[in-house]
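Chains as they are written, first to last, in the working numbering: chain W, 114 to 494; chain L, 114 to 494; chain Z, 9 to 173; chain G, 9 to 173; chain B, 4 to 95; chain D, 4 to 95; chain Y, 184 to 492; chain E, 184 to 492.
Hints are supplied without guarantee of correctness; some may be wrong.
Result set (DSS-like, lysine-lysine): computed pairs, CA atoms no more than 27 Å apart in a straight line [unchecked claim]:
#, chain 1, residue 1, chain 2, residue 2
1, E, 188, G, 156
2, Y, 188, Y, 348
3, G, 156, E, 417
4, D, 44, E, 389
5, E, 459, D, 44
6, Y, 417, Y, 348
7, Y, 348, Z, 156
8, E, 417, W, 296
9, G, 157, E, 188
10, G, 157, E, 348
11, Y, 348, Z, 157
No lab work stands behind these hints: they were computed from the structure.
A quick note: this is a predicted structure, and the numbers were derived from the prediction, not measured.
Each chain is listed here by its residues.
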Amino acid sequence: MQLLTGGEAVAHAMRQIDPDVVPVYPITPQTPIIQVFASLTADGRDHTEIVNVESEHSAMSAAIGSALSGARTMTATSSQGLALMSEVVYIAAAMRAPIVVALGNRALSGPINIHCDHSDSMLIRDSGAIQLFVENAQEAYDVMLLAVRLAEREDVMLPVFVCQDGFTITHSAEPVRLLSDAKASRFVGDYRIPHSLLDVAHPTSQGPFAMPDYYFELRHQQVAAMERALEAIDELGHELSRLTGRLYTTVEEYRLDGAEHAIVCMGSTAGTVKDVVDDLRDEGERIGLLRVCSYRPFPEQGVRDALAAVDAVIVLDRADAPGARGPLATEVAAALYGSGIRLRGHVYGLGGRELHPEDIRDVIEGRCDRYVGLRSESWLV
Amino acid sequence: MQLLTGGEAVAHAMRQIDPDVVPVYPITPQTPIIQVFASLTADGRDHTEIVNVESEHSAMSAAIGSALSGARTMTATSSQGLALMSEVVYIAAAMRAPIVVALGNRALSGPINIHCDHSDSMLIRDSGAIQLFVENAQEAYDVMLLAVRLAEREDVMLPVFVCQDGFTITHSAEPVRLLSDAKASRFVGDYRIPHSLLDVAHPTSQGPFAMPDYYFELRHQQVAAMERALEAIDELGHELSRLTGRLYTTVEEYRLDGAEHAIVCMGSTAGTVKDVVDDLRDEGERIGLLRVCSYRPFPEQGVRDALAAVDAVIVLDRADAPGARGPLATEVAAALYGSGIRLRGHVYGLGGRELHPEDIRDVIEGRCDRYVGLRSESWLV
Amino acid sequence: MIEVRWHARAGQGAKTAAQLLAEAMLRAGKYVQAFPEYGPERRGAPMRAYTRIDRQPIRRHDSVTHPDVVVVLDPSLVHESDVTDGMEEGGLVLVNATTVPPELSGANVRCVTAEASVNVAMAGAIAAALGEPSPNDVADAAVALLGKKADADALRAAAEEGFNA
Amino acid sequence: MIEVRWHARAGQGAKTAAQLLAEAMLRAGKYVQAFPEYGPERRGAPMRAYTRIDRQPIRRHDSVTHPDVVVVLDPSLVHESDVTDGMEEGGLVLVNATTVPPELSGANVRCVTAEASVNVAMAGAIAAALGEPSPNDVADAAVALLGKKADADALRAAAEEGFNA
Amino acid sequence: MPELRAWQELPLGGVVTPDEDERPRTGSYRTGLRPEVDMSKCVNCLLCWVYCPDNAARQEAGHFTHIELDFCKGCEICAEVCPTGAIQMVNE
Amino acid sequence: MPELRAWQELPLGGVVTPDEDERPRTGSYRTGLRPEVDMSKCVNCLLCWVYCPDNAARQEAGHFTHIELDFCKGCEICAEVCPTGAIQMVNE
Amino acid sequence: MARLKRLAENEHGVAPLGSGHSLCQGCGIPLVVRTVLDSIAGPKVVVSATGCLEVATTRFPTTAWNVPWLHVAFENSAAVVAGAESAYRALRRRHAVEGEEITFVAFAGDGGTYDIGLQALSGALERGHRFIFCCYDNEAYMNTGVQRSGATPFGASTTTSPSGKVGLGKLQERKDMTAIAVAHHVPYVAQAAAAHWHDLARKAEKAAAAQGPAFLNVLSDCPVGWGHEPREFKRILDAAVETRFWPLYEVDHGEYRLTYEPTDRLPVERWLEGQKRFAHLLRPENADLVKHIQHRIDDDWDALVACCA
Amino acid sequence: MARLKRLAENEHGVAPLGSGHSLCQGCGIPLVVRTVLDSIAGPKVVVSATGCLEVATTRFPTTAWNVPWLHVAFENSAAVVAGAESAYRALRRRHAVEGEEITFVAFAGDGGTYDIGLQALSGALERGHRFIFCCYDNEAYMNTGVQRSGATPFGASTTTSPSGKVGLGKLQERKDMTAIAVAHHVPYVAQAAAAHWHDLARKAEKAAAAQGPAFLNVLSDCPVGWGHEPREFKRILDAAVETRFWPLYEVDHGEYRLTYEPTDRLPVERWLEGQKRFAHLLRPENADLVKHIQHRIDDDWDALVACCA
Ligand SMILES: Cc1ncc(C[n+]2csc(CCOP(=O)(O)OP(=O)(O)O)c2C)c(N)n1
Ligand SMILES: Cc1ncc(C[n+]2csc(CCOP(=O)(O)OP(=O)(O)O)c2C)c(N)n1
Ligand code: SF4
Ligand code: SF4
Ligand code: SF4
Ligand code: SF4
Ligand code: SF4
Ligand code: SF4
Ligand SMILES: [Mg+2]
Ligand SMILES: [Mg+2]
């Protein structure tokens with residue numbers, strides 16, 4: 114075991130994956146990832162072409178050009194960077210470019226803030242890109258490897274974002290166990306795409322104009338690919354677990370057996386919630402946790418099955434939609450619609466606002482309104 | 114009554130509003146709006162500074178600089194343009210810049226397509242900007258006037274997007290009744306903001322850096338403003354109706370009295386649905402329509418109240434989220450959670466795919482899966 | 009409701025013709041709707057436009073699939089596409105030509121020819137065929153719509169021409 | 009679980025010190041977590057870092073609010089902020105100084121001083137105060153973490169210094 | 004107008020491969036005039052070929068062969084640039 | 004550390020107005036050295052004023068007045084640029 | 184005509200951009216595409232920015248292209264081609280691709296080059312990718328209906344800079360994109376015109392041979408946006424060059440060279456006349472505007488000649 | 184020191200950027216801000232791009248600014264200031280604002296100018312807004328931890344162009360932003376250095392007087408990113424100028440002028456030494472790299488002198 118931050122762990126995963134091209138633009142808190150990776154390259158530890166582009170819009174654009182040219186391509190970003198590239202993220206998904214992106218989740222401006230929430234991930238939730246959230250540095254490493262396989266499966270072929278909480282994971286040093294370089298690269302295997310742009314002997318036109326007669330059908334390919342990704346994630350998770358002994362699946366059920374209450378959340382908060390769940394279980398409360406690991410595709414059935422037996426669900430959203438409810442709570446509501454389960458949604462941790470075990474207890478015991486940790490009430494429930 | 118396209122109608126509204134500054138970048142199908150407006154300016158019909166910027170990111174950025182400097186500011190865009198400016202739309206909302214945006218809804222790439230769906234609006238649904246959808250050219254005109262008042266109310270102070278379906282409204286010529294210039298400008302009144310950047314005698318610092326100690330609270334101002342906007346829209350709708358005889362409110366209930374079934378949709382499709390509802394009513398079916406006019410803020414209570422008495426609801430989404438359900442269906446599900454009402458969501462019209470009355474009948478009579486008008490089944494429900 | 013579908017080539021002014029007819033009908037006290045079909049095609053490419061006319065406000069926002077009237081501004085189009093597609097028996101087809109193209113003679117629709125130099129005249133022709141609106145309304149509509157670009161008298165003359173074509 | 013809070017000025021290496029202690033504890037067979045608090049502040053600004061040490065894996069991801077140990081790398085900080093904030097009675101405060109600052113003498117906490125030139129030494133000092141990990145683990149950790157930047161023997165010496173401070 | 008295909012039958016990501024038969028016959032864009040070539044006057048300068056926006060003026064191995072009317076839009080450019088007047092625009 | 008305010012009490016859009024009392028006292032950034040001025044040597048060249056990154060070297064009506072230690076970060080630049088050696092860095 | 188034969192040869196029987204696209208009758212763009220691509224002997228990969236060229240050549244499920252072609256969006260063609268070129272370098276290094284050296288060419292309109300595409304282009308030039316960026320400059324956003332761009336010349340009427348009762352067309356000078364590219368100190372930069380294919384072909388050859396980024400700024404007419412009959416296009420582009428409005432020159436590793444010297448100084452009116460977008464300028468009351476344009480042309484020409492000396 | 188008195192006067196008792204910011208000890212940026220803003224007599228409105236200057240001067244609820252100040256994002260400062268300036272013109276025309284003419288000044292780092300901010304800047308220059316765009320060029324993305332930018336000089340080690348076992352620092356030449364601005368043919372463009380406040384002040388005055396866009400490219404040191412003690416900063420910036428690495432010049436309505444001529448040609452080593460980011464270049468095995476840098480400097484200098492002649 115090594116002491117590594119989430120950022121460092123991901124950089125090591127990238128070194129082992131040894132992508133052909135990494136077009137990237139710096140932004141806090143993603144910077145440690147690209148800096149550590151760059152230093153490894155500077156020491157001749159990999160063969161990657163790092164392209165230091167002039168903006169994130171160009172980072173994703175170059176990534177598309179590269180991935181469709183038959184080169185394994187990765188990038189990393191956060192917050193404003195993701196917002197600036199959002200236009201092209203949709204296009205990457207539609208063109209089926211299997212780009213893996215390390216995302217250090219950070220609050221979107223304004224006001225400008227460098228700390229964690231999930232608003233940046235939410236911005237691209239309709240993009241057709243896969244989004245896998247992780248709980249800690251170890252999982253950040255594991256899921257990077259999984260993401261490469263997932264993105265490149267010919268029945269999926271979509272960009273995959275590995276989402277780790279900015280600072281809380283990217284900058285926290287934790288014990289991490291890495292696979293051997295050999296094992297890791299054997300697991301990820303080689304990059305292959307059906308039509309390489311560089312195949313001059315078999316020229317293709319990529320990115321055509323689609324009129325109403327074909328747009329709907331072309332878009333629908335992604336819907337089908339997302340459906341398949343749902344199983345693919347669990348398959349790959351099990352395959353990887355045989356090497357790591359650690360299992361990653363679309364949802365994680367924690368002590369839901371016989372639970373009356375369940376908390377639903379994503380990312381590093383799940384760790385804190387687990388501690389609270391253990392304490393409450395010790396106190397005799399019948400409570401559990403459902404961690405949504407794959408946010409896109411959203412494991413609707415998985416959520417429904419996991420929560421089938423509980424009476425009440427509390428969803429913790431680390432993003433907000435002014436004029437509407439939290440995105441995760443809304444989707445869980447749609448998933449549980451008609452189930453008769455009581456449902457409550459709370460928004461917490463925007464812009465890096467801390468969530469301590471005491472706060473989680475307050476939420477569970479109904480001592481706060483929709484906004485947890487906000488100074489003075491919002492009067493909204 | 115004049116024969117005007119939605120785009121022309123909006124351009125006339127802009128001429129009457131006579132904004133100080135209009136930073137804008139062309140994109141189909143928004144172009145007729147800015148071209149007609151530019152020609153009116155070229156003929157000396159208004160006093161506006163039109164700033165022909167070099168990208169939409171700059172259009173919204175310049176609009177923020179202008180609005181915060183005490184100038185009434187408007188712009189217009191569509192699709193990729195909105196995607197490119199999305200980063201700054203969030204910031205405009207957070208800085209409380211009351212910019213009015215005429216949006217010609219168009220499908221997002223890829224593949225590239227110039228026709229209507231609502232994916233562009235959905236991209237910014239968490240941005241804190243208000244989004245008002247209209248059904249036809251007349252309403253596009255009316256709501257532009259309303260939007261100016263709404264954006265600039267000191268208890269709201271948010272950007273307002275007036276969303277009209279690309280081509281279907283922007284390019285369809287329909288009879289439109291305009292208010293007299295005098296009446297229109299009296300209705301919109303003068304522009305006033307609390308702290309003008311140009312007030313050199315009372316210097317302010319705008320757009321500061323917010324750490325976890327304040328970000329949550331600053332963001333929450335928008336949540337509160339959105340809550341107030343909900344009432345403000347109905348108030349202003351009624352005030353305007355006294356001049357126009359036409360009423361615009363956050364939701365429109367059409368023949369829901371005694372309805373067992375209700376369709377929920379937004380935009381120009383509502384007109385086609387109304388015809389179908391009338392036919393079915395004539396055939397004895399007890400069916401009605403709920404049109405969501407204000408998508409942001411989402412009229413959760415309004416939706417709940419309007420549908421309280423129906424047994425089953427069918428939501429028509431003109432946008433899709435691969436790996437999840439349609440955004441509107443998801444939010445209606447959250448709104449009706451626990452009501453016991455049966456709910457079904459369908460996605461239609463992506464990239465300008467037509468929706469004819471027959472298709473709507475098929476949906477109502479359960480003859481299609483989740484994707485209406487898609488060639489061959491998606492096998493998804 | 010009367011639904012009209014216009015077949016033409018981009019650049020021949022079908023969009024204007026469709027609006028012109030609508031404008032004239034509006035002046036005749038009808039509710040109307042007029043819109044073209046858009047694509048990346050350029051000048052010379054086949055395109056369609058639509059006009060709807062009704063006694064009540066028009067709410068539907070889909071394209072016309074079952075036209076009562078079809079206007080073909082460029083006769084060469086009948087080779088490329090089935091201009092009568094979706095038409096009821098006995099529907100009216102107005103072709104901008106001197107003789108009915110063979111492709112149409114077979115179809116069981118009412119086929120009228122009218123050779124019109126400009127779209128204004130074509131609008132006049134179809135007004136004549138439909139029995140409304142009046143030549144005056146068409147002329148006024150033409151002036152209102154195109155007055156900026158063309159001289160009024162010429163427009164009125166063209167409208168006349170259409171009625172007599 | 010032992011929770012440590014580090015008070016320092018940006019640039020004094022509190023982040024490294026926090027990681028160093030964690031690294032050493034990891035070598036001593038403990039589960040650990042180490043992270044700093046980030047802001048736009050620059051070199052010289054007050055900042056904090058944290059180290060968690062436990063026998064089981066550490067899952068919580070919030071900052072330390074009730075530290076068992078507080079380390080003050082820059083004594084001047086005691087004037088600016090309540091470094092003992094949130095501490096239990098009898099908690100351990102380690103100050104990088106020769107004498108206990110008056111601000112702390114009052115507080116009912118165990119206050120130890122250790123003048124350490126570098127953060128490595130400070131980690132040694134607190135290891136000494138906690139009774140674990142061994143000087144060797146601290147030295148190894150220092151070499152592992154800083155070996156690239158500084159000479160190994162110097163690091164080992166510094167670790168020693170801390171234990172004897 | 005070829006049959007519209009279902010979503011399952013479409014190439015991944017909408018990739019298109021060149022296909023001579025599928026090319027839209029844009030010759031229909033012509034509005035009255037079409038070029039006619041008097042081969043006897045042709046000196047093989049290839050100017051019509053290089054200037055033709057629609058790749059309708061064809062060459063093989065450096066020799067002008069013909070004008071592909073299926074794709075000629077009748078822009079008159081070839082007639083304009085032909086040095087020998089071998090190309091004339093005539094009514095369809 | 005001033006009291007943290009509730010969301011209702013914050014200015015619209017987070018607008019900030021300059022406030023002398025609220026300025027963070029960044030003098031605490033100093034790490035050992037602080038400038039000391041011998042006014043008798045000062046020739047009022049204002050070089051320290053213009054070069055000081057922290058606006059700690061102050062002037063009034065074109066005359067150097069003093070160094071505001073509450074904000075001086077001890078960068079030594081003033082001492083470096085002072086032509087007469089009027090400014091010396093000394094241990095705190 | 185030797186060069187034309189060479190161009191024909193380089194096609195190896197298939198035109199890079201074939202028939203069946205929906206560009207307007209007489210559009211100037213295909214001439215630019217053919218001349219540039221046919222000047223390159225080896226295999227080529229093409230990237231296009233959104234614009235007339237892109238929307239009109241690949242309507243799914245058809246394509247007019249016979250060479251590998253990629254379109255992603257409007258503003259990012261330089262970034263996309265940089266990504267493809269980087270992939271090529273990485274794969275070559277690993278011997279994952281072999282064969283004849285591929286030339287990467289990006290085509291974008293003036294909007295996708297001077298305005299919304301400038302930043303990606305500038306970044307790619309700074310990083311030194313090996314590619315040719317060819318701007319077909321038709322002096323406005325044509326695909327969306329003739330709106331003004333940074334390349335629109337002073338006084339031109341467009342739908343967003345219309346001439347009217349008070350409007351006089353665009354009131355700003357056109358951005359000097361060629362000079363901006365030169366300021367990036369890349370190996371090769373050239374200004375050319377579509378109708379002058381012989382000059383353009385030479386420049387394309389040099390661009391392809393450059394060991395680094397090359398930029399071609401090619402004036403390409405648009406009968407629709409400029410307002411003239413297609414058959415007029417040669418006369419008009421000749422006028423652009425002969426009046427010195429659009430000098431043909433190149434900057435090869437920093438060395439300026441006029442590649443064509445107009446014989447006699449034609450007045451700018453020769454260029455303005457016969458284009459609807461300039462019609463209002465030729466009205467007597469706007470004579471001073473024309474004078475202004477002529478002055479600007481003369482000054483720029485003298486400055487350019489100075490650089491070439 | 185007459186000019187310094189004038190600068191002091193123009194403050195009217197309040198420094199535009201006051202005390203209490205969290206910029207590093209000895210940061211070079213405030214000197215640029217003070218010199219530029221104090222050179223303007225009338226009222227001024229400031230726009231900042233995201234970067235060290237912005238994040239470190241306005242941590243809610245505090246601010247170090249005493250003049251109106253606006254920040255929106257990283258890449259758009261030129262667009263934001265253009266919007267504010269347009270609003271000002273519109274409101275003036277309607278007499279909705281009166282009083283002394285306001286000068287609009289945007290400050291951005293090299294990242295916010297050369298790279299991600301270039302497009303908005305280029306557009307604003309083309310449209311001719313009346314404002315000063317001042318780039319404080321510290322040759323890297325400092326706020327995010329010293330990553331390479333288009334302004335990072337050849338050979339400099341940054342966290343994304345690190346020197347290492349095989350890495351030699353940045354392998355591309357720095358983008359010549361001043362030349363790019365000149366290519367926009369705006370009224371006034373100048374290159375200056377923070378430590379040369381006298382020269383900078385003169386240029387800022389001229390920029391403020393220009394009837395249109397003005398661009399100032401000011402070399403501003405970063406002790407942290409360059410790796411030196413703050414007190415060294417004057418020596419280092421002097422070396423930048425004396426070695427001709429960073430010539431001080433202006434282009435006033437197209438007229439080039441060297442505003443300072445270094446007396447003797449110091450070798451580039453004088454500039455490289457004492458900065459950690461260049462340390463690896465001074466190792467014997469990298470002597471040829473230093474030679475390359477010297478050559479480049481000499482060539483650029485000669486080219487510049489030619490323009491000034
Ligand atoms: C981000 C974005 N903004 C706007 C558009 C709309 N748009 C597509 S092409 C185009 C104009 C292109 O102009 P130019 O680059 O000169 O090429 P041309 O049309 O003249 O061939 C515009 C504005 C877009 N596709 N994407
Ligand atoms: C769209 C976007 N991408 C990236 C960032 C992260 N970021 C903020 S400041 C900065 C570097 C600024 O560099 P420069 O402009 O040179 O200013 P300096 O930090 O040197 O003062 C970066 C990369 C951002 N805020 N927004
Ligand atoms: S008329 Fe035009 S399209 Fe037809 S062959 Fe001649 S040049 Fe080509
Ligand atoms: S231009 Fe005329 S002469 Fe030349 S090849 Fe064509 S037809 Fe023959
Ligand atoms: S630099 Fe020295 S001499 Fe000049 S004003 Fe400051 S203290 Fe006085
Ligand atoms: S030491 Fe630095 S901060 Fe302090 S007064 Fe001198 S220059 Fe200013
Ligand atoms: S609009 Fe102009 S540029 Fe576009 S295709 Fe038509 S002629 Fe060519
Ligand atoms: S990092 Fe450099 S530029 Fe940024 S504040 Fe510190 S010294 Fe100044
Ligand atoms: Mg163009
Ligand atoms: Mg910088």
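Status of each hint after checking the structure:
1. With a CA separation close to 50 Å, the supplied pair residue 188 (chain E) and residue 156 (chain G) exceeds the 27 Å bound.
2. A distance of roughly 52 Å separates the Cα atoms of residue 188 (chain Y) and residue 348 (chain Y); the hinted pair therefore is violated under the 27 Å criterion.
3. With a C-alpha separation of about 31 Å, the suggested pairing of residue 156 (chain G) with residue 417 (chain E) is violated against the 27 Å cut-off.
4. Of the supplied pair hints, the one linking residue 44 (chain D) and residue 389 (chain E) is violated, its CA atoms being roughly 35 Å apart against a limit of 27 Å.
5. For the hint pairing residue 459 (chain E) with residue 44 (chain D), the CA-to-CA distance comes to about 36 Å; that exceeds 27 Å, so the pair is violated.
6. Annotation: proposed proximity of residue 417 (chain Y) to residue 348 (chain Y) is violated, straight-line Cα distance about 32 Å (limit 27 Å).
7. Restraint check: the Cα-Cα separation between residue 348 (chain Y) and residue 156 (chain Z) comes to about 13 Å, which is no more than 27 Å; the hinted pair holds.
8. Of the supplied pair hints, the one linking residue 417 (chain E) and residue 296 (chain W) is violated, its CA atoms being roughly 54 Å apart against a limit of 27 Å.
9. With a C-alpha separation of about 47 Å, the suggested pairing of residue 157 (chain G) with residue 188 (chain E) is violated against the 27 Å cut-off.
10. At roughly 14 Å between alpha-carbon atoms, residue 157 (chain G) and residue 348 (chain E) fall within 27 Å of each other, so this suggested pair holds.
11. Distance hint between residue 348 (chain Y) and residue 157 (chain Z) is fulfilled; the C-alpha atoms sit about 14 Å from each other, no more than 27 Å.
When the structure is compared with the earlier hints, violations turn up for hints 1, 2, 3, 4, 5, 6, 8 and 9 and for no others.
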